[in-house]
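Could you build the full structure based on these sequences and the hints that come with them?
These are the residues of each chain, in order.
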Amino acid sequence: MEPKIAVQVDDLTVAYNYKPVLWDIDLEIPEGVLMAIVGPNGAGKSTLIKSILGILKPIAGSVSIYGKPYAKQRELVAYVPQKGSVDWDFPTTALDVVMMGTYGSLGWIKRPGQKEKKAALEALEKVGMLPFKNRQISQLSGGQQQRVFLARALVQNAAIYFMDEPFQGVDATTEIAIINILKELRKANKTVIVVHHDLQTVPEYFDWVTFLNVKKIATGPVKDIFNDDNLTKTYGINYKVSIQE
Amino acid sequence: MDLAEYIQLVFTDYTLRTITLGTAILGAVTGMLGSFAVLRKQSLLGDAISHAALPGIAIAFLITGIKDSNVLLLGALISGLVGTFWIRGIMNKTHLKSDTALGLILSLFFGFGMLLLTFIQKQPNANQAGLDKYLFGQAATLVESDVWMMTLVTGSCLFVLLLFWKEFKILLFDADYTKTLGFNTKFIDVLITTFIVLAIVLGLQTVGVVLMSAMLLAPAAAARQWTNSLGYMVIIASVFGALSGVVGTAISASQNNLSTGPVIVIVAGVFVLISFVFSPSRGLLFKQIRLLKNRRDLKLHKTLSFMYNIARTHDDISHPHAIKILNNFQGYTTGTLQKLVRKNYVRLEAGQWSLTLEGFKAASNLYNQQDHKDE
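Residue numbers (the working numbering), protein chains in the order written: chain A, -14 to 230; chain B, 7 to 381.
Errors might be hidden in some of the hints.
Stated by the list, open to error - One side only, chain A facing chain B, incomplete, derived with CB under 7 angstroms:
#, residue
1, Ile40
2, Pro76
3, Gly89
4, Ile94
Bear in mind the hints are in silico, worked out from the structure with no lab data behind them.
All C-beta atoms, glycine included, are put in the ideal place defined by N, C-alpha and C.
And the structure:
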C-alpha cells in the first residue's frame, strides 16, 4: 500500500522583494518520514517551512496537509521555530512556555487548566526538563531552551512537526536527546520535517531528505538520493561527503 | 505643609483630589500598557504616537472652534492612530527599519502640529490661548469628567487585558508561533496598539506630548527589574505608575511653580533608578555584590587547596609554613589566610601558617566535589 501523503506543496513561489526566495517548489512528503531539508544559506529552507505554515504569504502555489488546506488542518501541525527568533529575557518560566502549546486547541479567551498543565509537565518530562519547570527562561542554557521549544510542540500532539534548525547551538547531550525524541515520533508514525545544517549527520539521523536551493533539487529517501551529485547541484561546489553505511 | 495635612487636603480639596485621582489612574493605565510596549521592543512607539497626536488637537480646535478637552482628545486620538498605522505601513511596505519609520512620523507630525499651533495663535479668536499647554501638559486643568473618562478607558483596558491575557502573552513572546496556532495576530496586535494610543492620548492633557512616552516606559522598565512573571510585571508597573502620579502631584502641589507633568515623569524616573540599582536579582548593586563574593570565595578555595596540596606531601598535615613560601608560589595574601584562620581552617603560630585538621577535611571535600563536577 502506498503511504499517505502528509504534506503536499504545489508550485510554491515566494519572494520578499523582487528576487524569488523559493521558485516553483513541488514537494510531496509521505507520512511517517523523518526528513531533513538541506541547502546553503539563503536557499530558502526556513522560508519553505514558514510558507507551508502560513506565516509567510506565497506569491503563488498551494499547500495541503493530508489533502486539505492548512487552515483546516492546524491541529495536525506543530512548529518549532528557530531558537533565536524570540527574546529569551521575556518574563516567563519554562512551564509557561510549554503551556503555550495548548493555546491552539483552547482557542480564543479560554484559559489553560489542570488538563493543559498536566500535558505540559509530561512534555517537559519527555525532554528531560521537568526539574527546570519553574526556571525563568533566560536562565536556561541554549540547549535547554531548545528542549523547551521542542516540549511546546510535543504538547500540541500533532501528526506533523516542522522544526527550524533544532540542533543549532546545542550541546552534544541535547542533540542526542532531541534526535531520540524525533526517532520516537517517527516510530509513532508522525511526520517530522527538519531544517538541518550538518550534512555529516544526515544519513545517521534522517531517512528522507530534500535538497533545496531556491528551487527544489531533489527529494527522496536518504539512501537513494543523498549523493555527491545532488550535493554538488545544491551547494554549487564540488561537494564530497563520505556516507557511512 | 506636613504630610498629614497634605493627605487631608487630598481628600477634602476638590481640585487636588481630582488631579491626584487623575494622575494616579493615568499612571496605572500607562504602566499597565507600557509593559507590553517595552516587551515588544516598541518603546519608541509611545513617543511617536504622542507627538503624532499634536496636529489632531490643533485640527479639532480649528474645526470646532471650542476648547473642550474631550473634543480635542478625540482629534488627538484620530491623528495618533493615523500616525501609528502609517508607521506600520512604512515598515511593511519599504525597507526602512522601525526606528527610521518612528522618527520620520514623529518629527513630521510634530512639525505639522507646531505649524498649526502657531497658525492658530495668530488668529483673532480669544479662545485660542492655552492650546500649547498640550506640549507639556497641565494637570491643573483636569476636571471631574476627565477623571471619569480615564476611569472608563482604564476599566475597559483592564477588561480586555484579562479577557485576552493568554493571546497577548503568546503574541508578545512568539508572534510567528501564535500565527501557526490559528490566532489572528493582526487583531491582537491592533487591539494592543489601539489601547496604547488611547492611554497616551488620555495623558496628553496632564503630562503633555513631549514627556508622555516616559509615562509609558519608565514604570514598565522599573517593574521588569523586580519580577520574572508577566502578570506581576504588569501589576507592579501600574502600581509604580500610579505612585508616580500621586507623589508627583504632591510634590508639585506643595511647591510653587512646579509643573505637574515633568515632576511626575521625574518621580517615575526615580523608580527606574532605584529599580536598576536595588533589584535583588537584576539590580546592579546585588550583581556586583554577588560577583565580589564569588571572587572572594574562589580565592579562599584556591588558597586552601594550595595548602592542602603542600600538606599532602608532609606526614604531618599541620606542618607549619612561613607565608613567604606561600607567597613565593602564587602571591597569596595575609588577608586571605586570616579569613581562613577565622574559619578555623588555618592556624597561625609564631609567624608560621599551618593547615588544621578541619581545614584539611574541608579542602579534601572541595577536591572531591571538584573531581565530581569534572566527570
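- Query: Hint by hint, which ones does this structure get wrong, listed from lowest number up?
  - Reply: none
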